[in-house]
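Novice: The hints should help you fit chain C onto chain P, whose structure is shown.
In the order they appear, the protein sequences are chains P and C. Under my numbering, the first residue of the first sequence carries the number 1, and numbering increases by one thereafter. Under my numbering, the first residue of the second sequence carries the number 1, and numbering increases by one thereafter.
In short, the hints are calculated from the structure, not lab data. Check before you lean on any hint, since a few could be wrong.
[What the hints assert, rightly or not] Think about it this way: if two alpha-carbon atoms lie no more than 20 Å apart in a straight line, the pair counts; the simulated EDC-like pairs of lysine to aspartate or glutamate are: (1) C:Lys340 to P:Asp138; (2) P:Lys76 to P:Glu97; (3) C:Lys340 to P:Glu97; (4) P:Lys235 to P:Glu17; (5) P:Lys76 to C:Glu219; (6) C:Lys173 to C:Glu219; (7) C:Lys340 to P:Glu135; (8) P:Lys76 to C:Asp218; (9) P:Lys76 to P:Asp138; (10) P:Lys235 to P:Glu224; (11) P:Lys76 to C:Asp220.
[Said to hold, decoys possible] Just a sample of chain C residues kept apart from chain P, beta carbon distances all over 12 Å, derived: (12) Ser54; (13) Ile130; (14) Tyr172; (15) Gln182; (16) Phe208; (17) Leu210; (18) Ala221; (19) Met223; (20) Val224; (21) Gly226; (22) Gly282; (23) Ser304; (24) Leu317; (25) Leu320.
[To be verified] FRET-style restraints, in silico, Cβ to Cβ: (26) P:His201 to C:Leu140: 35 to 45 Å; (27) P:Arg188 to C:Ala148: 35 to 45 Å; (28) P:Thr22 to C:Tyr137: 28 to 38 Å; (29) P:Glu220 to C:Gly316: 23 to 33 Å; (30) C:Thr180 to P:Glu122: 25 to 35 Å; (31) C:Phe325 to P:Ile91: 27 to 37 Å; (32) P:Asp26 to C:Gly316: 50 to 60 Å.
A virtual CB, placed ideally from N, CA and C, is assigned to each residue, including glycine.
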Amino acid sequence: MSQDNGVLLQLRNVTKEFGGLTAVSDVTFDLPQGQVLGLIGPNGAGKTTLFNCINGVFPVTRGQIIFRGVDMTGWKPYDVVSLGLARTHQIVRPLQELTVLENVVAGSCYGHEQRSLSQAEEIALEVLEFLHLAERRDQLAASLNVAQKKRLEMARALAARPYLLLLDEVLAGLNPTEIAEMVQVVLRIREQGVTILIIEHVMHALMNVSDRVIVLDHGELIAEGLPGEIVNDPKVIEAYLGDPALAEKLMSGG
Amino acid sequence: MSSSKPAPVGKAIDRGGFDLSAFKLGGWKYPAFWLAIGLILIGGFIPVFTGSNSWRETMFLILMAVSLASSLNIILGYTGYVSFGHIVFFGLGGYVGLYLITAHGWSLWTAALMGGLAAGTLALLLGKAILHLRGAYFALATIGVNEAVRTFINNFDLFGGAVGLEINFLVYKDYGGPATMQWLTYWAVFGLTLFIVVLSYGIKFSRFGLGLLSIREDEDAAMVLGVRTPSAKTWAYVLSAIVPGILGVIFFFRNSSIAPQEAFRLHRSIELIVMVMLGGQGTVLGPLVGATTYEALRSFLLTSPLFKDLQLAFAGLLLLLIVLFVPTGIVGWLRSRYRKLWRVLE
Numbered sequence: 001m002s003q004d005n006g007v008l009l010q011l012r013n014v015t016k017e018f019g020g021l022t023a024v025s026d027v028t029f030d031l032p033q034g035q036v037l038g039l040i041g042p043n044g045a046g047k048t049t050l051f052n053c054i055n056g057v058f059p060v061t062r063g064q065i066i067f068r069g070v071d072m073t074g075w076k077p078y079d080v081v082s083l084g085l086a087r088t089h090q091i092v093r094p095l096q097e098l099t100v101l102e103n104v105v106a107g108s109c110y111g112h113e114q115r116s117l118s119q120a121e122e123i124a125l126e127v128l129e130f131l132h133l134a135e136r137r138d139q140l141a142a143s144l145n146v147a148q149k150k151r152l153e154m155a156r157a158l159a160a161r162p163y164l165l166l167l168d169e170v171l172a173g174l175n176p177t178e179i180a181e182m183v184q185v186v187l188r189i190r191e192q193g194v195t196i197l198i199i200e201h202v203m204h205a206l207m208n209v210s211d212r213v214i215v216l217d218h219g220e221l222i223a224e225g226l227p228g229e230i231v232n233d234p235k236v237i238e239a240y241l242g243d244p245a246l247a248e249k250l251m252s253g254g
Numbered sequence: 001m002s003s004s005k006p007a008p009v010g011k012a013i014d015r016g017g018f019d020l021s022a023f024k025l026g027g028w029k030y031p032a033f034w035l036a037i038g039l040i041l042i043g044g045f046i047p048v049f050t051g052s053n054s055w056r057e058t059m060f061l062i063l064m065a066v067s068l069a070s071s072l073n074i075i076l077g078y079t080g081y082v083s084f085g086h087i088v089f090f091g092l093g094g095y096v097g098l099y100l101i102t103a104h105g106w107s108l109w110t111a112a113l114m115g116g117l118a119a120g121t122l123a124l125l126l127g128k129a130i131l132h133l134r135g136a137y138f139a140l141a142t143i144g145v146n147e148a149v150r151t152f153i154n155n156f157d158l159f160g161g162a163v164g165l166e167i168n169f170l171v172y173k174d175y176g177g178p179a180t181m182q183w184l185t186y187w188a189v190f191g192l193t194l195f196i197v198v199l200s201y202g203i204k205f206s207r208f209g210l211g212l213l214s215i216r217e218d219e220d221a222a223m224v225l226g227v228r229t230p231s232a233k234t235w236a237y238v239l240s241a242i243v244p245g246i247l248g249v250i251f252f253f254r255n256s257s258i259a260p261q262e263a264f265r266l267h268r269s270i271e272l273i274v275m276v277m278l279g280g281q282g283t284v285l286g287p288l289v290g291a292t293t294y295e296a297l298r299s300f301l302l303t304s305p306l307f308k309d310l311q312l313a314f315a316g317l318l319l320l321l322i323v324l325f326v327p328t329g330i331v332g333w334l335r336s337r338y339r340k341l342w343r344v345l346e
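Next comes chain P alone, as it looks inside the complex (with noise of 0.2 Å):
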């Protein structure tokens, strides 16, 4: 499998239209090993729908995604799910009427290794420990509070052991003590090597996690750079304009 100069994940032209609305519109960029790239944008710039496409969601209109050598472009969430790719969704989606242990086992068993039950039980154990849910292992996943869900739901993707992660708003509706904690686990997840592709509107912490960011608005790819670029560059700043509160939060941060 070719993995050109270790780039992980290409865009190309990626184009997403609902009826005579384009929400993604020829976004092209790559993602390289290793790297934690954020990508940020005002509400209803198609940061979700782009995280729809990339992990087949929704089928692209046009352009083409291309995952560690292999053309996706069109498969289903399950086909892309086996090549080593894992989300969370922004709005939690906890299987509620399983425990904890189960929602993170599916996540495992069903991840690109293909784990047996067993196996998938001692990687779920290991993941849980580490996101400290071990000790709510046999409670009812709809049983957690809004933070423990977002663990949850990050839990469930991590025990897929993805190559690359679909991060969307983990930290959206947390105090700013889980807030520095899940920092904390998305840097320690980057030392382990994985892949991150983070969406996030707490300016502060993405600029602390991201290697590079990338700025989507009105479904176009407007900016590209180090995070300190980033919130000096004019045209994201402008795109930010609308939301006066969110454009001074980006200029304070970083």
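Specialist: Positioned in the frame of chain P, the structure of chain C alone reads:
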């Protein structure tokens, strides 16, 4: 847009479908398994101990209800798809079996297997066609299938049309005469009940079963986790259809005749749903408890002069009460009430 499959990549093997190879460690140690087996063994042997034919007839109906409800539970309770016309597999199996016995002189046993095979094949084809429908749309489609098959057979001369098929009593001689035949078919249903309960248990604690439960909880999330939802759902549907198909052959063979009206009774489908919901959908013990309770209530109602015409109204009322007040059923309620019994009441 290309739609190439991930076949060339190392580990991308389709194991989302029928895979019972990996039972969760210790699954068999749970008391729930032995409790279910024990209950069936005790119930199943009552007619032997009492030597009474009326007990045998009662237990025959109860065991048959337990197997039908347990089969339905695989698609309804585990996978979360309401198959409203599940009796179509029972009826179709019965027809295929009786046709082979009457027209081609097959033995009951091979005919029964063919009945199961026919039901499984229908489920496989239907799975491809209607399992992408969700919620009420799927339920409606299954009703449509039941009605369509009934109408088709009503006009299908090979299967006797509206009159149906009848077994020549002389056939029973091969099975030791009518009396022995009744015991023989009783043991067959007894064995099938044990089989479907063990299968239910095995599925629940397998990787495949975890995929089904994930689909029930959130089908889109399951897909993102890597569950091959189309094949997993189809296999669940096939597995839930085979035993009803076999039971159809045995039941109508014993009954000595089959006709469209009795083979595809829609209200029987609804009763099966009531049994699963009453006992507790998604648990192994649920259909067992639900089917037994419902059958017992039904025979009480049928023999009581006051209620004998209201039996179906009663089923409807029961379903309403369950959905409103105990949506998890008897077993589900006990499970959440007594957490210590969690592993006993699977």
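Novice: Which earlier hints turn out false for this structure, listed by number in ascending order?
Specialist: Hint check: 2, 4, 6, 9, 16, 17, 18, 19, 20, 21, 22, 27, 29 and 30 fail, others pass.
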